[in-house]
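Chains P and Y, in that order, are what the protein sequence lines are. Note that our numbering has the first sequence beginning at 1, numbered continuously upward. Note that our numbering has the second sequence beginning at 1001, numbered continuously upward.
Since no wrong hints were added, every one of them can be taken at face value.
In the BS3-like style, the derived pairs of lysine-lysine whose C-alpha atoms are separated by at most 25 Å in a straight line are: (1) P/Lys52 x P/Lys92; (2) Y/Lys1094 x Y/Lys1105; (3) P/Lys52 x P/Lys101; (4) Y/Lys1206 x P/Lys13; (5) Y/Lys1206 x Y/Lys1105; (6) Y/Lys1210 x P/Lys13.
Calculated from the structure, these hints are not laboratory results.
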Amino acid sequence: MTDIDTDPISGDKLLCDPGDLEAFATELEQAGTSLPHRINADPEGVERGLAKLVLTLIELLRQLMERQAIRRIEGGSLSDEEIERLGQTFMKLDVRMEELKQIFGLEDEELNLSLGPLGNLL
Amino acid sequence: MIYLYAITDRPEVAIPALPGLEDAPLISLAYRDVAAVASRGAGSGVSTALSSPEAVNVWRHEAIVEALMPDRTVLPVRFGTVLPDEAALRSMLKDRYSSFVANLKRVCGRVELSVQVLWDSDSRPLTAGRAKNINDQCSAIGGRAYMLARLSEEQLERAWRRRAETLVVEIRRPLEHMAADSVCQVLVTPRLLLKAAYLVAREQMKNFRKEINNLSLAYPELRFLCTGPWPAYNFVTDRKADQSGD
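The whole structure should be built from the sequences, with the hints applied where relevant.
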């Protein structure tokens, strides 16, 4: 029988060799980290997993609101006073997010969700 | 339990003498002019392989799919696909027959080539949520300073993305001409400029490879990785599911 338990990419699959496959492997691994390998259903993991999901959604909303505010600044539809107030709000929200991330032991890179072919949420 | 590797045409052609997962022999089950290539599991054996999808099992699955490719058209099945028994497999073949035939027609004589491009992401500006230094600097100054700093950051980010999109259009243009279909993702990570798959006629492979080499020379600041031929994993769609809106 043929030996089929070898990694085919090391053979004739490489049509264009960039000379540094390790760099590609690192990026592809990083690209896949938002996709959970398996759902962790143990009681301790559930709490952290839920916190991660909630904080990801909060971060998404924070970024959307901040971008909307930036567009309104660019459009000139906000007064200096309104810009000041928005800026204070976003800074406070950012500080609060940092505190929550520390409580649940989460890093910035972990606050993301893979949307498959659409890429990552954040 | 039945572990499924691929759906193929030409059910009359003998399947290769390769061991399946857990060394189970391969079987072919035909329905009209299509066939399913699978292996029978004792249940626990295949389950073990699936609950621990180690590289050796994934490559074995891949090698079986590829061994089928030289003498028939192949629809690769995702690693880990199992059915309870042969009756379920027969029923699946019958229910999705028209979808399988349409997909087989689409990928017939074609292979999937993968293209990935890295670029230098050092020029990327700080991104939203990561610009902690802005927050630190501005907390003493005030909200307006924070928003203006974020505005400047956002403009740099947009310019960076525009540059990436322009490059991707330039890279994809010559490759698209040689492909029947393609899928692509831009900036999956800040450094991974392009991650794409192309459905290419076998006889076009040499030209495709040549074009990638031309692109490598034209864009020395980018790094190109092209691999293949692969089974057309990215170009098989379940039309039955599509039509029903599932």
